[in-house]
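**Q** The residues making up each chain are set out below.
Number of protein chains: 2
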Amino acid sequence: MTDVFVHEVGTRDGLQSVPTFVPTELKQRWCSEEFRAGVREIEVCSFVPAKLIPQFADAAEVVRHALTIEGLTVAVLVPNMKGAELALQHGVHKINYVISASESHNRANVRRSTEESALDFERIVDLCCAQPFAERPKIVGGISTALGCTIEGKVSEESVRRLALRLVKAGADELILADTVGYADPAAVRRLFSVVKSDIGAVPITAHFHDTRGLGLANVLAALDVGVRAFDASLGGLGGCPYAPGASGNISTEDLVFMLDSMGLETGVDIHALLEMRAEITALLGDHPYHGAIARAGLPKGYQGYQGRTAG
Amino acid sequence: MTDVFVHEVGTRDGLQSVPTFVPTELKQRWCSEEFRAGVREIEVCSFVPAKLIPQFADAAEVVRHALTIEGLTVAVLVPNMKGAELALQHGVHKINYVISASESHNRANVRRSTEESALDFERIVDLCCAQPFAERPKIVGGISTALGCTIEGKVSEESVRRLALRLVKAGADELILADTVGYADPAAVRRLFSVVKSDIGAVPITAHFHDTRGLGLANVLAALDVGVRAFDASLGGLGGCPYAPGASGNISTEDLVFMLDSMGLETGVDIHALLEMRAEITALLGDHPYHGAIARAGLPKGYQGYQGRTAG
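Sequence lines, in order, name chains A and B.
First residue of the first sequence? That's 1 in my numbering, and the numbers climb one at a time after it.
First residue of the second sequence? That's 1 in my numbering, and the numbers climb one at a time after it.
Warning: the hint list may mix true and false statements.
You can't tell identical chains apart in this list, so a pair holds if it fits in one copy or across any two.
Lysine-lysine pairs mimicking BS3-like chemistry, simulated, CA-CA at most 30 angstroms apart [what the hints assert, rightly or not]:
hint, residue 1, residue 2
1, 51, 169
2, 197, 138
3, 94, 138
4, 94, 301
5, 154, 169
6, 51, 154
7, 197, 301
The set of hints was computed from the structure by calculation and includes no laboratory data.
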């Protein structure tokens, strides 16, 4: 029984900020090894034109490999209809589509209004629903800048609630609420996730936090407290923040797993195996700004974790 | 009205790990400037023999200066009776005395059993109570390794509860529960602080967390949730961990203030002024391993904080 789901997004959100092309084989190995450590969902890449983000030029090959890993939920990010069509062709399990709650951020990111993006999401849902039921991927509506925006500053709770409701009514199987730029605090997290959860009923929500201002794991705790049970994270905290040089990006997967695991929450991930594959993959990836404390400090003396507890 | 008290301990816990002697004038300036930013309690030094910790050879001069800062609560750490006598002579406001919950850690730290240390605490209380009431400092019983120990690993909740009760019965005005080595997790924090609080009634508890494994601020949130209203922290996260090279030590004061402030909790500290004096003092202190995210990433766009809110 898993208490909390940990979704790896470093292969997408992390690699997106890495300027040099990472070999396809290494991306594939990352997926395989993280699955072996117990992670059961990975956002493996983005189906975006290679001229926009050359890092994902090999998206098709990475997805094809990931789909051979029995038991792994293969998610991809798609920025538009074209991406969704590619995702469908490849038979991914989840299509993550992101709209910014902040109008200016959405325009800067995808050169469309929030309204146009929402209409696009509805068309993607229609496209997916036209597939035979057994082949239909889950469609995830992601709301970025849900807790603040580097362009607009504050983002109103009202605009996030409206967008969340709209995505659910359009047919989203799940939602992601993302603190894209690390503006959230635990009080804001509790407020926003509580109201959105009560608005949308049983539709699962994943929280996507960045640790830019050091509050990433405190925000996870706040979200846990109001019933969130799925979190995005990036191995080695790979990613960074384009607006704050040297600052961290996504919360690190291994710190997230360590916190949940030490609280006695079952993630299915073996922290020892995760730390081993983290060391291996970051060594292969080379010199990037990694973040995360547990890899540096080591586990507490006598720490057992998942493996130890389940073996006992 | 202050919602949460922030106690600076970098001048003691932070500087203790700095091998080169920091000029007396700089230590004094640190106290003055941090008071100007709104911090109202500082553990300014330790009254410990200079041959053990040369960094505190100028303790008397730093204390004398700190006592001239009108409105500042001047706390000092004392390891034994001799230190307490010095603290009394100087007229400090608070005497912080620390005992490890872990027997092995206490022996390693002060070469005495926990029992001998507890008896010493009782003698210190007697000494203080013999003073005229108006001159009597507050006596704080600190319990270190309260959430784990690098020598013994797990530390039983029972031993911490027993020690807390004993210190309170001996006459402690306040307690500090310290996660000295960064082993705590939010679930353990909620359990321990809840039971100790219900054991000891109205005696205030300060939480002293280290961020060694990245959970420092999540642990603060957990403690806040069970009613803790005072936290120790170190400017710039100065301190580190002797057992984990490169790992962080105390939670950083500015990250703590940022989290509390952004949650709408009044700390009395002006985050803008704090970040300015952090930049100044760390520049003067020179090249040490600093930690903390907010100084690196900067405040969110349009962030007002204490100053902005109270001015509005």
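**Q** Take the hints in turn and mark each one as holding or not.
**A** Consistency of the hints with the structure:
For the homomeric pair residue 51 and residue 169, neither the shortest alpha-carbon distance inside one copy (34 angstroms) nor that between copies (71 angstroms) is at most 30 angstroms. Taking CA atoms no more than 30 angstroms apart as the test, residue 197 paired with residue 138 passes inside one copy only; the shortest distance there is 19 angstroms, against 47 angstroms between copies. In this assembly of identical chains, residue 94 and residue 138 lie within 30 angstroms of each other by CA distance solely inside one copy; the values are 5 angstroms within and 60 angstroms between copies. Taking the closest pair of Cα atoms, residue 94 and residue 301 never come within 30 angstroms of each other, the shortest separation being 39 angstroms inside a single copy and 33 angstroms across copies.
In this homomeric assembly, residue 154 and residue 169 come within 30 angstroms of each other (Cα to Cα) only inside a single copy, at 26 angstroms, whereas the closest approach across copies is 49 angstroms. In the homo-oligomer, the alpha carbons of residue 51 and residue 154 never lie at most 30 angstroms apart, since the shortest distance is 32 angstroms inside one protomer and 53 angstroms across protomers. Only between protomers do residue 197 and residue 301 lie at most 30 angstroms apart by alpha-carbon distance; the minimum there is 27 angstroms, versus 39 angstroms within a single protomer.
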